[in-house]
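S.K.: What follows is each chain in one-letter form.
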Amino acid sequence: MGGHAKILIVDDDRSIRKTLGAILEEEGYVVDTAENAKEAIEKTNNGFYNLVLVDIRLPDMEGTKLIASMKDTTPKMVKIIVTGYPSLHNAVEAVNNGADAYVFKPVDVEKLLKTIKEHLEKQQESKKYSEQKVAEFIQTRARELTQGSS
Amino acid sequence: MKMRQKTIIIIVLASIVMVSILYVISQTILLDSFAKLEDQNTRQNVERVMSALSNEFSELNSKCADWAEWDDTYAYVQDLNDDYKQANLVDSSFINIRINFLLFINSTGHVVSGMAFDLKNMTEMPIPQSVIQLLSVSDAIWRHEDTNSSVNGIALLPEDPLMLASRPILTSQREGPIRGALIFARYFNDDEVERLAETVHLPLVMYRLDDSQLPSDFQEASSSLSENAPIFVNPLNADSIAGYALMNNILGQPILVLRAEMIRDVYKQGQATISYLVLSLFAACAVFGALIMLLLEKVILIRLGKLITNVSSIGKREDLSARVSVTGNDELSILAGSINGMLTEIENKTVKLQKSERFAAIGELATMVAHDLRNPLQGIANAAFYLKRKIGLKDSKQQEMLELIEEDVKYSDKIVNDLLDYSREMQLQLEETTPQALVKVALSTVEIPANISVINDIGDKPAIRVDMLYMKRTFVNIIRNAIEAMPKGGTLTLRSRALNGNVEFIFSDTGAGISKEDLRKIFTPLFTTKPKGMGFGLPICKRVVEAHGGKISVESAIEKGTKVTLTVPVEPKLKGGESVWVDMPKSLLLTTTEA
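Protein sequences, first through last, are from chains A and B. Mapping the first sequence onto the working numbering, position 133 (from 1) lands on 133, and the numbers just tick up by one. Take any residue in the second sequence, count from 1 to its spot, add 150: that is its number in the working numbering.
No lab work stands behind these hints: they were computed from the structure. One thing to keep in mind: the hints can contain errors.
[Unchecked claim] Lysine-lysine pairs mimicking DSS-like chemistry, simulated, CA-CA at most 25 Å apart: (1) A/Lys117 - B/Lys560; (2) A/Lys127 - A/Lys18; (3) B/Lys564 - A/Lys111.
So here's chain A without its partners, still in its complex pose (with noise of 0.2 Å):
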């Protein structure tokens, strides 16, 4: 379903961590967990994630600045941010800080997944773009350097 994208879960809550990842993993996705800000900066360095859900509230960092510092390192991954507390000033300061989404906690679970879903797809376009960009400029460069040869 989810074409084996991959998903990194935030959150110090081992319950969540564990369900959450259930959920994702039956849906078809590549789940991988981080307690801290800590270690999900180390895992997005060493290895490539899809999409990353950042809870709001961690134990060593708050999630805003976890995607903020996140952004520079890896501009294309999607950044969810969960919250337990909804406020505008949480929600101002997580888009500033380069979030794609921001849902509210408890999670509606259908509506996560809808969000994920549809985030991953936008990715999976632009890429797919992006991609074709580059074959068309390939493209136009060869032919122009076959010409200019010629």
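Using the hints, position chain B against chain A.
M.R.: Showing chain B alone in chain A's frame:
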């Protein structure tokens, strides 16, 4: 110092000062007048003595005149016949007239006949040489120029003063020529002074001025006495006072001082009067002071003491309902009343404070619990979701159970949200809307049972600015409460009207109503009459309305229904209401990560 001691000291001091002042005043005024009275009295007595003495002289003089103006005497002085001598110059004449000397002097100053008699021993005595000498020295005594001439007075002899009367010797028809002078004389000695003293009932003492042993008081008197001041008064001691008078000789020269002594009864009476006055003043002050103390004690001090004991015992106890007792209708009662008023105020404030502290503590705890419940709830929800997917539609019973879990998670989530809403600072996002639109949105989210009819009489004016989400929740809450109050059906009436810049929303139902006791608590958080519910509904409604600067009130009657009235300003004053009801624990705020 205690008030009682102070009062006693003040009363005693005031009494002493008062008595002292009165004593000094009475001493000066009363004693002065008493002294004047005494002086006057003494003078009068001295005058009485002098007048008694003057009577003696008159008597002597008139006796002398009787003898001198008599034909027999007239003849005798010339012929010295024996008949006269034997008939008249006898002891009895001396005794009757009480004289020592009877002298017949001719016109040339020679004693032609005479006789001396000792009145004490009742015997005849020789005429002393001193008398003869006196007559030869002072011819004024015997020289009479006319028939009316008369000499009487005192003459000083070396042995004793002499009282004498001298008259010209005339015929019985008082005709001359004057054949000389007849002299009657009496020693003015101590016996005579004693006799005078008996007459005037006063002790008398007489001294000659030429006495070498003149006592000091006589010396003082003699120097003070003069023709202009014939009487001198001088207190001898505390018991007696003396009056002095000068006596002159025939030539007008002072020769004797007479002293009359008197008991100072007037002065003593005066002093006794002052003593009685002071004593009675002291007694009066003592009685007065005692009365004041008694009054003070009864009317103020005892009651004040009771009040103090009362207040301090209330201060020590923790009983907030304790009051001081109020008796009478004076300043102390007013004080007790105001203390009671204060105590009531303290009680009310303390109860209120305790209540709000309890609520704050509960709120704080609840908020903490609510936050911590979010994660496990999420876990449960996730797990249920997973299982539901896994099991699929194969087992409907299991599906039902999982749905129940999900439902209860949702309900738990609602409780958590209510708790957090209640404790969180409310930030309103104002949008313009109409009363009608607002109620419509609220009604659309509530399922109205078939047995309840809704009368919607909400107007579309005026436009108001509210936080749609919060206001909708408030309306939904009130509508739901109304529906729950009418399980057997009824009518829910919604009405609105513009009122002084506010919009008034009225929700009335025909339900069970709320008891008076419950009505007082419905806005208290955690109070609920429902089996399922945390008791945050109406408190949150109140918060929302107050955050908009509005008011909410509930009227209800058992078995008749409940009426909820919301007054919301058209343009909310955002500062209205209490912005923070419960302080969020710092650990739950998101601003720090350092911990």
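S.K.: Could you run down the list of hints and mark each one as holding or not?
M.R.: These are the hints, each one checked on the structure:
1. A/Lys117 - B/Lys560: Satisfied, since the Cα-Cα distance of roughly 24 Å is no more than 25 Å.
2. A/Lys127 - A/Lys18: violated, 30 Å
3. B/Lys564 - A/Lys111: With a Cα-Cα distance of about 18 Å, the restraint between B/Lys564 and A/Lys111 holds, given a limit of 25 Å.
Figure legend: structure checked against the earlier numbered hints; the only hint not met is number 2.
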